[in-house]
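Protein chains: 6
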Amino acid sequence: MKRLLITGAAGGLGSVMRTRLAHMADTIRLSDQGDMGAPGPNEEIMPCDLGDKEAVENIVAGCDGIVHFGGKSVEGTWDVIRNANIDGVFNLYEAARKHGHPRIVFASSNHAIGFYRQDQRIDNTVPPRPDGLYGVSKVFGEAIASAYHDKFGQETAIVRIGSCFPAPKNHRMLSTWLSQDDFVRLIERVFDVPRLGCPVIYGASANSSSFWDNGQVDWLGWQPQDNAESFRAELDRTQEKPGRDDPNAVYQGGGFTVEPIHES
Amino acid sequence: MKRLLITGAAGGLGSVMRTRLAHMADTIRLSDQGDMGAPGPNEEIMPCDLGDKEAVENIVAGCDGIVHFGGKSVEGTWDVIRNANIDGVFNLYEAARKHGHPRIVFASSNHAIGFYRQDQRIDNTVPPRPDGLYGVSKVFGEAIASAYHDKFGQETAIVRIGSCFPAPKNHRMLSTWLSQDDFVRLIERVFDVPRLGCPVIYGASANSSSFWDNGQVDWLGWQPQDNAESFRAELDRTQEKPGRDDPNAVYQGGGFTVEPIHES
Amino acid sequence: MKRLLITGAAGGLGSVMRTRLAHMADTIRLSDQGDMGAPGPNEEIMPCDLGDKEAVENIVAGCDGIVHFGGKSVEGTWDVIRNANIDGVFNLYEAARKHGHPRIVFASSNHAIGFYRQDQRIDNTVPPRPDGLYGVSKVFGEAIASAYHDKFGQETAIVRIGSCFPAPKNHRMLSTWLSQDDFVRLIERVFDVPRLGCPVIYGASANSSSFWDNGQVDWLGWQPQDNAESFRAELDRTQEKPGRDDPNAVYQGGGFTVEPIHES
Amino acid sequence: MKRLLITGAAGGLGSVMRTRLAHMADTIRLSDQGDMGAPGPNEEIMPCDLGDKEAVENIVAGCDGIVHFGGKSVEGTWDVIRNANIDGVFNLYEAARKHGHPRIVFASSNHAIGFYRQDQRIDNTVPPRPDGLYGVSKVFGEAIASAYHDKFGQETAIVRIGSCFPAPKNHRMLSTWLSQDDFVRLIERVFDVPRLGCPVIYGASANSSSFWDNGQVDWLGWQPQDNAESFRAELDRTQEKPGRDDPNAVYQGGGFTVEPIHES
Amino acid sequence: MKRLLITGAAGGLGSVMRTRLAHMADTIRLSDQGDMGAPGPNEEIMPCDLGDKEAVENIVAGCDGIVHFGGKSVEGTWDVIRNANIDGVFNLYEAARKHGHPRIVFASSNHAIGFYRQDQRIDNTVPPRPDGLYGVSKVFGEAIASAYHDKFGQETAIVRIGSCFPAPKNHRMLSTWLSQDDFVRLIERVFDVPRLGCPVIYGASANSSSFWDNGQVDWLGWQPQDNAESFRAELDRTQEKPGRDDPNAVYQGGGFTVEPIHES
Amino acid sequence: MKRLLITGAAGGLGSVMRTRLAHMADTIRLSDQGDMGAPGPNEEIMPCDLGDKEAVENIVAGCDGIVHFGGKSVEGTWDVIRNANIDGVFNLYEAARKHGHPRIVFASSNHAIGFYRQDQRIDNTVPPRPDGLYGVSKVFGEAIASAYHDKFGQETAIVRIGSCFPAPKNHRMLSTWLSQDDFVRLIERVFDVPRLGCPVIYGASANSSSFWDNGQVDWLGWQPQDNAESFRAELDRTQEKPGRDDPNAVYQGGGFTVEPIHES
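In order, the protein sequence lines correspond to chains A, B, C, D, E and F.
Here the first sequence is numbered in full-length UniProt numbering, starting from 1 and rising by one per residue.
Here the second sequence is numbered in full-length UniProt numbering, starting from 1 and rising by one per residue.
Here the third sequence is numbered in full-length UniProt numbering, starting from 1 and rising by one per residue.
Here the fourth sequence is numbered in full-length UniProt numbering, starting from 1 and rising by one per residue.
Here the fifth sequence is numbered in full-length UniProt numbering, starting from 1 and rising by one per residue.
Here the sixth sequence is numbered in full-length UniProt numbering, starting from 1 and rising by one per residue.
Please keep in mind that the hints were generated in silico from the structure rather than gathered at the bench.
Among the hints, a few may not be true.
Which copy is meant is left open, because identical chains are indistinguishable; a pair holds if it fits in one copy or across any two.
Derived lysine to aspartate or glutamate pairs resembling EDC-like cross-links, with alpha carbons at most 16 Å apart [said to hold, decoys possible]:
1) K151 / D246
2) K53 / E263
3) K169 / E240
4) K151 / D226
Throw the hints in and build the complete structure from the sequences for me.
Listed below in structure tokens is the structure:
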């Protein structure tokens, strides 16, 4: 690619992927409303509030691909969520519609299906079951991606990210962990396949205790290589396991299921 | 019920249902931002913009049940859709959460699944496939209903209304028509069953050419009595049938699938 | 048939069916450990404790068909349930194996699947989910019927009876009711089809609010004619509806799900 | 339609449908290699051997629709089956490809799935399970229809006809019977819907003892009105029922499953 | 755990697992009605007839976990099976209910589903299909486990053990073999997960020729490491393969399907 | 085996397998209508036109197993396809019926299901969806195999071969490639299992980007070892990827879906 846009480049995931994806395009355009530091060799920096329609058009113009990490990535007040994840996603897809339909990786979340139980195995054909306003905003984003695909041919990889950190932080993440390496491999495949369509993909490594079945997207050729299991002994040593009625042991979305509505 | 709130009471559906549902509560509270005329015997009139959070709390307070027809019911600009169908629905559920969880009939739409093809039979377990911004806003509303049910126990009947008019207006509606009588019967059942949960129900009469399978909600005890088939001869006489590649002959959502984004 | 055995003939269902099935055989052999009164014109009376293996062989010998209503039909102590429904069923199938494999109608029960929720529609391929010792004993009986069919060719209609009374006694039975007429029609079909096999059949009338899907046994040609719906208005008038968390509104098995183990 | 071609017009089904479908087109073109008698008012007669490619092109040219009853409709020698049902169907679809893709009703048969058991309920998504050379030739025809649809847009209603006679002739036909009235209604719907595609439809009336689930083609709007059940009493009186191991009681295809290969 | 009860400790499986599970609790309590030899360092020996309700309560009291290998593990007379596997399991669950619901590993068996064919792949949602009295008794035990879970929250891992021996003994076991190592790993996971529920798990190693799909219990995090395939060459060399109609080549339950009822 | 027949032995696949399968029988009988060269040590050469019924009987007589690679393996004129793949397969199964039912490996093709999309994962229970006359002829062959199995007990492994070449030739084959080693391993398993039946098996290696799910035939014990993924980098270097609307990127059957009917 000539130019790949990474939104949310100042966030946890974005600041890592900014370098991990550097090989994928001549220029990596970085965008965020937070401080992104100085641009690296093949980087360009374009600050942007996703709720600002014109600003979003500007960052999208001229890009061949988009990795959309931008937006609020945990629960927040309605105003924040709506601005970043509702208006922001609408703005992004409108911009893409007007600027040549660059392929998009949309960072959806397991919280779009967080109220499924952990003892249930789900694939990408189940109806959404969001676990809060954040999860609802991700269902909204998936719906926008779907409509823009069916109406306009816009291609998106909807990645329901589990937990993308250097290592699982708690026992639930033994099931949901996505290694950064596996995520990079996934993004490479998304931009490599000739035809992407608009598939829903569970963003998780090859964890022994997975809740999710990615069989429907085998054709993508993504085979995660890591397994959270290798962290179990260390976790067992350093952390108490959740009790049997702890939401972290019951629901796929874990603690999000019991977060209150953030009223301010 | 003591008091039933009907939102969108000045709209097409609301203005009919206002009288058809009169028997269901001591007081029918009507709300809309348009002109609702004079209150009938057991009616009370409370104008309200759904995008106004406080106003929505006011109309919800004191109600035992809500029939939510309010909001934009066709495609519109993003600002209109977001205000009425995104903010509006969020406001409604927040109000319900704070005021005793009155049971809700949520008027969702076939446009939440409008890109399924007409030769496909779907039930209520398929993932959404919205056919435009309006459809996306309905997916959002369904997601809010689902999250508030799983988190707070709020009960909602999510009714994916087909085409609720006195008679089918075109050939596609031979499949999607919902008679007003059948809709009244459905709303009666929703408020009658001891436990509702948060089911998705296709709002269509017992049409011979149905696309939709309501088998999963048999327990509700709703059996539609009407059948659009009785209007076919008349339609054939007065209208040209859509051609085989007309969206009205291809997609469940019909013409909505080819509506452009309304930019202003 | 020459001789049809009805067990449990002194029980609620048996004492009705004794006359309703009179046309089905030259001789109706009645058995129970309770008082069956005087034999009618084509009846013969043979008292029997189902736990007595030899006695069971005696009542089965010479019969062409068996309608097995015998055994405990509600919760009871383990000793009672085991004697009547565990040993009793084993004895019945052993007797049938030794006496020409008369076709059997086995009165199983909705309590074999009583912990499925009322808002779930199930067919006859779901795994059992019994709601107590009585339900477990019915799962046992179904398992015996299945094994004797696969091993020895013994044919059984496993009828998971809902609620077979003259009329529904409460709101849950609007879903589970089986009219006596429909049950007679079912038994007629069971003994009429050339090949029965060992199907599981939900014993319920054509109730609007059914939980159960009998589609898998259409080939039997049984089409129930009655609908509990016709009793709703009367029930609404005379009974309070169960609350939304009442087991009668939550589980298919209703109140059985909360019965304690009967220790003596 | 201007001109509807009916092949196999001298056969059992064709000779009846020739008059029953007379209202469907200005001209009914009849074709067969047998004697079709004199043409009626709006009929034209064109004899044809389906194995003769040019002859088939001639009968197809100028037609808006085709009802293809032609070919061998029971077991026969390979030479006969191949000529009529293999070459014949290939010739028909080639002719249709070259002459404007008239919509086709293809008389397939239950013998394409005849080895499914009678106690199994199947819909139109099961893989074929033919019960002999005749059934295999119907699988071939269905495959041609499918390929010509996917490649060239040719529309076909693949009708797996059960038993289309004035009345069921034996107990198996209580499940498979298709009344002539219901078949006419089906053909009317096929030529009426704007978009047909290439659906598989089980050609059976609304029989109580059906093996087949047409739910996937509800969108067609065909609702059969007749029920073989009304003939049961008469059949019971006049015919012996098949024994439990009689192929007529075991397999959907009945006696065809035990027919030998016809070697000459 | 402080104290883990292993029943059937004198049996084939129990006598091995007694040492293999020694690390799992401070004290391993062993029970059987046969001779268990002398207790090892952290063992305590408590003989018990499972049919003796009081005795069972005694062995269960004070335990944090139970591995229930006890009972008859092959076909036997009804009296033996009923005492050990029917009464015995009821007694065990009653004891667990009264003594703090220790988590249970219930040794169910492939013979609970033994009449499924070997060319059929099944998961844990299929209905039971037992292959004899032994299999029926395992269906009973699974039903008790299910009811005690739904009613009282008792957690059980229902393990449908294939063939747990040091090596596969015949060709069928190339599909059903469970290595002792893999079984130990499974039991470790069962007692490790915070929430177990009452899942059905096929107890088989990662055999190339498996009949069983454990996908539904991935969340457990058990990944068997062994594969019976490594024994194929040796088996081929030393044993004749079963013929194509040998029950060992047809049914998952193998030879059990043709065992007669043991009458004494 | 004493004698294994390989048809199509002069073709691409046959000429390789002729040596790769040499260990499987005392004598390898080779047949083709093309030049097969000189017989090797344990080979015998029998030229044959598959359309010649008697000739086919001759080559089949005396064989214990058949690997049927014979026939046209790409699109061709109807006369060629019908002679080799329709008559030829009929002749082969008739010969097998008359000569002891030697087990058959039938080389079917992905073109029997070539119109399924690449982003769809299919197993062996989907209905056929052939992509041309060649694909239709393979559906025919599968139907013959199925009928001869159900009627006469003839066993066949229906192998829907993807792309069996030394290496994938284009990007689509990264999904469909079957290594020769894996194919040999598959054929070994087919002739090794005691009971084969008539399964449909997707003939593809363990490719990361597979379209196909062979889970239903796990019992066969075939585990492919190769993965086309190892060729991706080389392919990327030497070939242009297909565009997103190229049939090679859309349909499982790739370019076959757009081949015209070969009229001469």
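Evaluation of the provided hints:
| no. | hint | in the structure |
| --- | --- | --- |
| 1 | K151 / D246 | between (42 Å within a copy, 15 Å between copies) |
| 2 | K53 / E263 | between (26 Å within a copy, 12 Å between copies) |
| 3 | K169 / E240 | within (12 Å within a copy, 43 Å between copies) |
| 4 | K151 / D226 | neither (37 Å within a copy, 33 Å between copies) |
When held up to the earlier numbered hints, the structure conflicts with hint 4 and nothing else.
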